[in-house]
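Engineer: The chain contents come next:
Protein chains: 2
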Amino acid sequence: MAESWVNYAERIGSDLHLELSGPGSKRAALIGALRDAVRSGRLAPGTRLPPYRSLAADLGVARNTVADAYAELVAEGWLTARQGSGTRVAERTRPLHPAVPPKAPAPPSPPAPPSPAPPPRARAPHRSRPTLHDLRQGTPDASGFPRSAWLASYRRALHQAPNEVFGPGDPAGRPELRAALATYLARARGVRTEPNRIVICSGFAHALRLLFKSGSGSGSGSGSGNGGGGRRGQTLRGPLAVESYGLPFHRELLAAEGVRTVPLPLDEHGARVDRLTRERAVLLTPAHQFPTGGPLHAERRAAVVDWARARGAVVLEDDYDGEFRYDRKPVGALQSLDPERVILIGSVSKSLSPAVRLGWMVLPERYVGDVLAAKGEREAWASVLDQLALADLIVSGSYDRHVRRMRQRYRGRRDRLVAALAERAPHVEVSGVAAGLHAVLRLPPGTERSAVGAAVRHGVALDGLAEFRHPDTDMPAHDGLVVGYATPPEHAYGAALEALCAALAPGGTRVS
Amino acid sequence: MAESWVNYAERIGSDLHLELSGPGSKRAALIGALRDAVRSGRLAPGTRLPPYRSLAADLGVARNTVADAYAELVAEGWLTARQGSGTRVAERTRPLHPAVPPKAPAPPSPPAPPSPAPPPRARAPHRSRPTLHDLRQGTPDASGFPRSAWLASYRRALHQAPNEVFGPGDPAGRPELRAALATYLARARGVRTEPNRIVICSGFAHALRLLFKSGSGSGSGSGSGNGGGGRRGQTLRGPLAVESYGLPFHRELLAAEGVRTVPLPLDEHGARVDRLTRERAVLLTPAHQFPTGGPLHAERRAAVVDWARARGAVVLEDDYDGEFRYDRKPVGALQSLDPERVILIGSVSKSLSPAVRLGWMVLPERYVGDVLAAKGEREAWASVLDQLALADLIVSGSYDRHVRRMRQRYRGRRDRLVAALAERAPHVEVSGVAAGLHAVLRLPPGTERSAVGAAVRHGVALDGLAEFRHPDTDMPAHDGLVVGYATPPEHAYGAALEALCAALAPGGTRVS
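Protein sequence lines, in the order shown, are assigned to chains B and X. So that you can map any letter, position 5 of the first sequence is 5 in the numbering used here, and since no number is skipped, the others follow by simple counting. So that you can map any letter, position 135 of the second sequence is 135 in the numbering used here, and since no number is skipped, the others follow by simple counting.
No wet-lab data here; the hints were simulated from the structure. C-beta atoms are modelled at their ideal positions from N, C-alpha and C, and glycine is treated no differently. Any given hint could turn out to be false.
For the chain B half of the interface with chain X, some residues (derived, Cβ under 8 Å), not all of them [stated by the list, open to error]: (1) LEU151; (2) ASN163; (3) PHE166; (4) ALA205; (5) LEU247; (6) ARG357; (7) ALA380; (8) VAL384; (9) ASP479; (10) PRO489; (11) CYS501; (12) ALA505.
The task is simple: from the sequences and hints, build the whole structure.
Structural biologist: Here you go:
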């Protein structure tokens, strides 16, 4: 039976507890964290806890500290220990509560009888299949979130905020954040802009919607605004050219807004921008094609900007992981070639966390008014306090430090992936540049489906390349796996890699 | 010339600085806060500072403390003092920066020559006319935001958060917040629900969009999602019956989603729900009709639920200020009459701040799936960290304390408004129940426009009732002013009230 302790440290958040407690109190902190996790239901009854050694290594504490903590909690009735099956969460703990903060350090009480807890929500954020090793693309290592730095920035921002911050917000976003981003993006991504051409949004999806939806027409004077429903004042209109491989979610979102997407083939130099014809806009991932992993060739970068100039069109640059390049300095943003022809869209969803719902659009001047009209008369989306915190995080240098730290971490993971596959599954090629939070493993033709199946049987969740293929493309299909090596917490990556290699090793697909 | 110090304390946020500093350091804290405010541009060159006595009273410090601080800053060159024109911000301060936190306490330096600062954004969140006294409806007193309590909750929530919080979020919202809201809304508003039927959103406008837009169709399997743009999987369809007076913004938002709104007349018992016919949904403000101010009569509450049951329709309950009733316990939510026929929508925009972009929908079971599908596969909107902080604020009791405090404050303001008008402008009637953050002043027929004009000439920003009238209604128009008495900070309310009375006093409209 599968052990469910892989994401263990994630669930108890004990790293933070330990980080915050002084030396000598680590045992107490660990006990408290574990007790909270059981009491709140974050560690479910029956869950097997990790071996002392693993948890001790993950948390950077002595093995005895973990052993002591387990023993204490067994004595209190929260855990059970049985020869041969390790330490587990006691089956009959108190009724599950949502993880609200306990009012006071509750005295250890004997486990209560089970109560008719509501069934867990059937709907999982991704898929319903439980997995041991999450290698799906799209998420940074959640355990790497810089809690202390974020909290320090949030505190400073809240202290320094003038009261007007708590009133209705400007839909462009807080000036502090737009100013910080203008400077940061110039330095880190070569973006050429100014704060007045940056509009804050809640992420990439929101940016796409703002570009393709009609303005809300909040002008005074018209007054009516009733009836009709005709789309007026749209910033951009479809059809939109896209890369033949990309996120299905983006295509679906655009379809819901009535925008038809037209696939451009990809080759070893990136998107075939020479195939652009009558479209008024193209969506690209120039720094690191998603998901196939190559950069857009310099000549094509120039060519697509020329095309946009010649046709009065615009390029949407999805700069989703531009800060993460491992073999060289990142390629600068395409936007720098022509700030009047390229809209750059970025967010903190990869660099920091998708839980911080903040993104930005760097706009040609002529689009600013329409985008703001589409966004509404006041800030109705992005948390103003988080905006101020992010501004402080950037200005204080903490954001840079965090990105450097995560770059190092992900680079190490990619290196380990490449080395392990070279040894264990030499028929699998890691393609694309050394960058980002994911890699594509090229497979021999016709083997993708069986490779995904083998991964699943080894407890590994990931996607085949086919999931990302545009349904209307005529380019030849490639077999491959998209591996999100950033997703697991640090302590769990080794096991995930091991399982992946076992699945892909010659003969691995025959394991049942 | 108009003095612009009314919103002074707001802009410098000095109350917080003082709150945080220990006794004895108030002078230094005030000097620091003022210096920062000038340096950052929050206090513009030429701005006149408040008299010692006013600021001392507002901040709860000795008059000498303020006098000392002013003198110090005059000596440093940040301020100027001249007989007869009071103390002002020096005209030639350093170039304006966005209000980013200073890296270190900069040494006082002599004012630098002016630089070509970028022109301020022409687009103000509301209107471009500068005002001294902001009595526009819609916003709580921004100076009342519970910074300390919010920060404490945020810190606790961040410490206790399991790592998965920083991964992709469930579009329903954090379970901690949904559980806290289910309990709170039952207690405070009589709502009958459970966490699984609450969906978190970024405010009322987002809720309306989620109800009337098509689902994003993010199901696996279909894969395509391309082309078409036909609206499928909408939760609700128009036309939507609305009250004849309401926020134009809501009508415009609905029109942009293709939803026609049909106005119901209002009388002394609230919306004429007997006029409902073929509509499938009606949007009401039952606790406190917005803006006219009356509650929906008990018989009509029952009648509209009966109508919804008989016709398979649904009532949208906009519970925008339900916690603020001053003469009695608040009327419970209409939702409690039939949780399967009423969708309750609420947010913290009035109770806490519109800067915290969080709201909620309490849904009949059959709508939960569609709303989640419309919201998307992951949380793409509401800040997950703010969700956790709000859950803690509610569970810890801080939210209740804050609401009680603000209720007392607003009640006092309404009482002062009523008393002042009775004395100074007895022809003006304050209508509606003692509740909420605004009042409607009924005026003699035909006098609304001149009253608004008089208010503007007295430096008061507010709206006439005509702004809120549905263009298609056939009910007779009423003349009136909508006064947002919650909007100014506490220290500025007296002056705002004085100006309003001067404008409305017999003969006041003749001031030019």
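Engineer: Against this structure, judge whether each hint is valid.
Structural biologist: To see whether the hints hold, each was checked on the structure:
Among the interface hints, the one on LEU151(B) holds; its C-beta lies about 5 Å from the nearest C-beta in chain X, closer than the 8 Å criterion. A distance limit of 8 Å between C-beta atoms decides the matter here; for ASN163(B) the minimum to chain X is near 4 Å, and the interface restraint holds. Interface hint status for PHE166(B): upheld, as the beta-carbon distance to the closest one in chain X is roughly 4 Å, under 8 Å. Hint on ALA205(B) holds. Least Cβ distance to chain X is approximately 5 Å, under the 8 Å limit.
A least Cβ separation of about 11 Å between LEU247(B) and chain X goes past the 8 Å threshold, and the interface hint is therefore violated. Given the 8 Å rule on beta carbons, the hint for ARG357(B) holds: about 5 Å separates it from the nearest Cβ of chain X. Taking 8 Å as the C-beta cut-off, the interface hint given for ALA380(B) holds, the closest approach to chain X being about 5 Å. Restraint check, VAL384(B) versus chain X: the minimum CB separation of about 4 Å is within 8 Å; hint holds.
Taken as an interface hint, ASP479(B) does not check out: its beta carbon lies about 17 Å from the nearest beta carbon of chain X, beyond 8 Å. For PRO489(B), the shortest C-beta to C-beta distance to chain X is roughly 6 Å, which falls under 8 Å, so the interface hint holds. Interface hint status for CYS501(B): violated, as the beta-carbon distance to the closest one in chain X is roughly 24 Å, over 8 Å. Evaluation of the ALA505(B) hint against chain X yields a violated restraint, the C-beta minimum of about 28 Å exceeding 8 Å.
Checked against the numbered hints given earlier, this structure breaks hints 5, 9, 11, 12; the rest are met.
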